[in-house]
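Protein sequence lines correspond, in order, to chains A and B. In short: position in the first sequence from 1, add 239, done, that's this note's numbering. In short: position in the second sequence from 1, add 22, done, that's this note's numbering.
Not one of these hints is a red herring.
Listed below are the simulated DSSO-like cross-link pairs for lysine-lysine, each with C-alpha atoms no more than 30 angstroms apart in a straight line:
| hint | chain 1 | residue 1 | chain 2 | residue 2 |
| --- | --- | --- | --- | --- |
| 1 | A | K259 | B | K123 |
| 2 | A | K280 | B | K23 |
| 3 | B | K123 | A | K305 |
Since the hints were derived computationally from the structure, they do not count as laboratory data.
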Amino acid sequence: GAVVSQHPSRVICKSGTSVKIECRSLDFQATTMFWYRQFPKQSLMLMATSNEGSKATYEQGVEKDKFLINHASLTLSTLTVTSAHPEDSSFYICSARLREGLYEQFFGPGTRLTVL
Amino acid sequence: KNQVEQSPQSLIILEGKNCTLQCNYTVSPFSNLRWYKQDTGRGPVSLTIMTFSENTKSNGRYTATLDADTKQSSLHITASQLSDSASYICVVRSLAGNNRKLIWGLGTSLAVNP
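Only chain B is shown next, with the shape it has when bound in the complex:
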């Protein structure tokens, strides 16, 4: 069964600290993996998209890694800011059946405190 699991479910850190969010998936066949940031009451915003051949990709203070062999990804946030408080969702695109299938994780809720 295609699944995307994220950990931790929630996380509280102090402003300025770094953190790493985890994503494990069992989606096959794999197309790409995406990390989204979703603020409360808003739509998701794309942070990174990674294909099979990419191991790491950065977007400002966000760095995503992908290990396609172990089917794991991480999102590292550096020097956190209060505005980083949001839900971070890992999404994997599958090529099975119709090619529009996105498998969504439940997200990690991050709170950055002053």
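Okay, chain A solo, but in the shape it has when bound:
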């Protein structure tokens, strides 16, 4: 199956700093990538949809200036959490979607962000 990687897998930062998370599709090209956030014992919550070469589409309630998304190539999307605060601590998961068939999404292993 298609493989999606994320880096880093875990990051701890001080409040007020910015953190960048990378998402890569390793063996396929993904024109569309998604960023999710998951709090303990809750479902994945879609934050934004990232299309290669265009601006991301953010879900209601997600601050686009705080969560900067760049999808510069067909295999790479990045999420930058700017001026992170403790409430941003969460599990961030990206996924990449195949264009064909059932539009199946393949998920990365996630990034655990802890803001002190």
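Given chain A, work out where chain B should sit, using these hints.
Here is chain B on its own, set in the frame of chain A:
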């Protein structure tokens, strides 16, 4: 309102036993239904995707069923193994509005004990 409800919320079984997880949905219009396995601290991994016309689909020891009339799905795990301990999430794709909408269930947390 589009919703996906799963039961039970959690389940404990002994290694080697079978179990069945349930998913009811009210999503319309329906595109497809997916079952994912999510290990703690990891991203979800797809087990099956089923369209409207499919009643059953297997992936190894996992068998999913779909009844589009009653809007119910089940995931049956046969001969459970310790590595099956995870959260199993039912997700329904809707065609309403933009076609990327996935409606997520809260998952069933399965613990397989030796």
